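**Student:** Listed below are the residues making up each chain.
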Amino acid sequence: MVKQVPDTANISGQVMKADGTVNRAKLPAIFNPEDKVALELALQVKDRFGGKVTVITMGPPKATDILRECLYMGADEAALISDRKFAGADTLATSFVLSEAIKKIGKFDLIFSGRQAIDGDTAQVGPQTAEKLQVAQVTYAEEIVSAKGDKITIRRKVDEGYEILEATLPVLITVIKEAGEPRPFKAKRVMAYKNARSLLELEKMADSNSLLSVDRLKEDYLSKALFISTYTLDELNIDPGRCGLAGSPTKVHKVASVKLGGGEHESIEPTKDGLRSLIGKLAADHIFG
Amino acid sequence: MKNKSNDVWVFVEQRNGTPAEVSFELLSKGHKLAATLKSNLVAVVLGHGMRELATKTFQYGTDEVLLVDHPKLENYRTAPYSDIMNELVSERQPRIILFGATFIGRDLAPRVASYTLSGLTADCTDLQISDVVYQRRDYKDLLLQIRPAFGGNIIATIITPDVHVQMATVREGVMEQAVISPKGKGRIVEIPYEPKPVHELVKIIEHHREESGVNLKNASIIVAGGYGMGSKANFKLIHQLAQTLGGDVAGSRAAVDAGFVPPQRQVGQTGMTVRPKLYIAVGISGAIQHRAGMQDSQKIIAINNDPEAPIFDICHYGIKGDALEVIPMFIDAYKNELK
Ligand SMILES: Cc1cc2nc3c(=O)[nH]c(=O)nc-3n(C[C@H](O)[C@H](O)[C@H](O)COP(=O)(O)OP(=O)(O)OC[C@H]3O[C@@H](n4cnc5c(N)ncnc54)[C@H](O)[C@@H]3O)c2cc1C
Ligand SMILES: Nc1ncnc2c1ncn2[C@@H]1O[C@H](COP(=O)(O)O)[C@@H](O)[C@H]1O
Chain A
1 MVKQVPDTAN ISGQVMKADG TVNRAKLPAI FNPEDKVALE LALQVKDRFG GKVTVITMGP
61 PKATDILREC LYMGADEAAL ISDRKFAGAD TLATSFVLSE AIKKIGKFDL IFSGRQAIDG
121 DTAQVGPQTA EKLQVAQVTY AEEIVSAKGD KITIRRKVDE GYEILEATLP VLITVIKEAG
181 EPRPFKAKRV MAYKNARSLL ELEKMADSNS LLSVDRLKED YLSKALFIST YTLDELNIDP
241 GRCGLAGSPT KVHKVASVKL GGGEHESIEP TKDGLRSLIG KLAADHIFG
Chain B
1001 MKNKSNDVWV FVEQRNGTPA EVSFELLSKG HKLAATLKSN LVAVVLGHGM RELATKTFQY
1061 GTDEVLLVDH PKLENYRTAP YSDIMNELVS ERQPRIILFG ATFIGRDLAP RVASYTLSGL
1121 TADCTDLQIS DVVYQRRDYK DLLLQIRPAF GGNIIATIIT PDVHVQMATV REGVMEQAVI
1181 SPKGKGRIVE IPYEPKPVHE LVKIIEHHRE ESGVNLKNAS IIVAGGYGMG SKANFKLIHQ
1241 LAQTLGGDVA GSRAAVDAGF VPPQRQVGQT GMTVRPKLYI AVGISGAIQH RAGMQDSQKI
1301 IAINNDPEAP IFDICHYGIK GDALEVIPMF IDAYKNELK
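One line per chain: the protein sequences are A and B, in this order. Quick note on numbering: the first sequence equals residues 1 to 289 in the working numbering. Quick note on numbering: the second sequence equals residues 1001 to 1339 in the working numbering.
Isolated chain A, as found in the complex (with noise of 0.2 Å):
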């Protein structure tokens, strides 16, 4: 499971539209630096024990872009999951949609997702999905030690020291960053796999060009193995009332801009003297010793 994310360590000026989501057309996105991990450690478990990544991802058509990273870096299959009943999910409601494309999509053994995505921090989506799919979840995962038959041992991370388990799959895992360094793009990937498109880019280009039509350009691209293939509410087939701003439970109530500029406080000369003089009135209020 990976996520586009605006660059939150860039952020600057009013980003926030006025039903309190967030304007993402206005910031820079980014592939979420821990699903790039988690995706680095799905492939390794592939190179050490064999078997197919799928990667997923729910997001707006432009969220395609981080799936051709996926494809880059040796994911072997990728889907978007993408409908504008979609937009303005919580990550209720966003566990909801994922694990039911995940149902949709099929069988699997191991589902690895970033601990927590930057917009928000929350790493809650992870331990939600799983329990909507009914699997066992290991947190905080740093590194797989090993895997056999239907058993995997995690080492993950808790609050004082580390945890050995051993976990029956299927089972979902969720990555911090130190688990791994994302390997590079593989150059002769990225060659097979720029023109990739998802459903919602061929359309918008059969949208631009008259003559072209979707269907004809879907059975192109997937007779060159370059289609990623997009799940929309009603091919998942499911109910709109748990998807998107309606299926949320938590809601923006008010948004409150920091108050910037009135704060006063004395200031200090980057001098000798001056912080000689700050020294001296601390010492006073008795901050030091």
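Because the hints were derived from the structure by calculation, they are not lab data. Note that the structure is a prediction, hence the values are computed from the model and not measured. The C-beta atom is built at its ideal place from N, Cα and C for all residues, glycine as well. Don't take every hint at face value.
To be verified - Quick partial rundown of chain A residues pointing at chain B, CB under 7 Å, derived from the structure: (1) Asp121; (2) Glu131; (3) Ala136; (4) Tyr140; (5) Val158; (6) Tyr162; (7) Thr168; (8) Ala246; (9) Pro249; (10) Val252; (11) Ile268; (12) Pro270; (13) Ser277; (14) Leu278; (15) Ile287.
Following the hints, position chain B with the ligands against chain A.
**Tutor:** Here is chain B with the ligands on its own, set in the frame of chain A:
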């Protein structure tokens, strides 16, 4: 429909039998919330040999303890703990549940929220009860779950208007602990636990305790460095200043992300909340998420070369200058003045 209650629950977390401090902080907050709602404060205690801890929660104003005590519950494991919580919550329908935003709380709370279809807000920095008008409808006594959001220019108030159970996680140190009465008394309700095979799908093979040795919470002087320090080599100046003043070292998240300082020393909404006598913020811009963790410090000194940096809005003493020049001067001045 099950009988809904107005009670406030706190999940009391323990590790190897030792209660997590955050649990007492949440009980203290929960006591106030329950008073406003005119309802009961309920402590939920899971583990083995937990009677003493259960009794201790009464000091913080707990009216009732739901105690699930069983040898198999000695160590936290997702499956049995979430199963027990799912059942308790579905059956008793509390109004509010608070969890520590710890490794355990953040593993457990989402699982319970997902099962019970409850709303859950992570890392709240404040919780209040208030009547709310949302989309032209009146709601009585909702839990306002307040947290900085997006970009840091904004404080968001999250509500859960249309579902009964409102859940939130809160970091350690954010709420203040208050003993209500050292001899407080209440009821202990014992709930039986029945082990199930699915609870054994994940086994703990080894458990290593490492004391992190970091105790920022009790530090009286903290010197915190930010991304503005520029490099790990420059960050040594932060250590030197802290050593000179007899303080501890901390950092902003950007400094943690850059590898200048380990994550256990991050101050802020998703790190520690600290209230030292003196907090020196060096090369830290003062994003709201950082301020959430240090703004209650008794005295704050900001050192920053950008006179417009928001940190200057909350500091008591502001030094506008280059950290690489100011810190050595600071150390010299301190040594000369207080020798
Ligand atoms: C959900 C979420 C949770 C977050 N939680 C936290 C948290 O818990 N803690 C936290 O700290 N952040 C947190 N953040 C990140 C926060 O928004 C900021 O990005 C972060 O605090 C910025 O760190 P900084 O001030 O060190 O870096 P910057 O914002 O890059 O600021 C660097 C500062 O250094 C100054 N500077 C540069 N060179 C010098 C010099 N030579 N001398 C002096 N000053 C200099 C600059 O003027 C600037 O003000 C969170 C963000 C999100 C989205
Ligand atoms: N829209 C999404 N699509 C796919 N995966 C997601 C999505 N949202 C969250 N996730 C996964 O869940 C993890 C935790 O997200 P969060 O609960 O938002 O912090 C992320 O690191 C992703 O792996």
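**Student:** Does each hint fit the structure? Answer for all of them.
**Tutor:** Hints, verified against the model:
At about 5 Å, the closest approach between the beta carbon of Asp121 of chain A and any beta carbon in chain B falls short of 7 Å, and the interface hint on this residue holds. Residue-level restraint check for Glu131 of chain A holds (minimum Cβ-Cβ distance to chain B is 4 Å; threshold 7 Å). With its C-beta approaching chain B no nearer than about 5 Å, Ala136 of chain A sits inside the 7 Å limit, and its interface hint holds. Below 7 Å, beta-carbon pairs count as interface contacts, and Tyr140 of chain A has one with chain B at about 6 Å; its hint therefore holds.
Interface restraint check for Val158 of chain A: the shortest CB-CB distance to chain B comes to about 5 Å, inside 7 Å, so the restraint holds. The interface hint given for Tyr162 of chain A holds, since its Cβ lies 5 Å from the closest Cβ of chain B, which is under the 7 Å cut-off. A hinted interface residue such as Thr168 of chain A counts as satisfied when its beta carbon comes closer than 7 Å to some beta carbon of chain B; here the least separation is about 4 Å, so the hint holds. With a least beta-carbon distance of about 10 Å to chain B, the hint placing Ala246 of chain A at the interface is violated under the 7 Å criterion.
A least Cβ separation of about 4 Å between Pro249 of chain A and chain B falls short of the 7 Å threshold, and the interface hint therefore holds. Checking Val252 of chain A against chain B by beta carbon gives a least distance of about 6 Å; that is within 7 Å, so the hint holds. Checking Ile268 of chain A against chain B by beta carbon gives a least distance of about 5 Å; that is within 7 Å, so the hint holds. Restraint check, Pro270 of chain A versus chain B: the minimum CB separation of about 3 Å is within 7 Å; hint holds.
Hint on Ser277 of chain A is violated. Least Cβ distance to chain B is approximately 9 Å, over the 7 Å limit. Interface hint at Leu278 of chain A: satisfied, since its Cβ lies 6 Å from the closest Cβ of chain B, which is below the 7 Å cut-off. Interface restraint check for Ile287 of chain A: the shortest CB-CB distance to chain B comes to about 5 Å, inside 7 Å, so the restraint holds.
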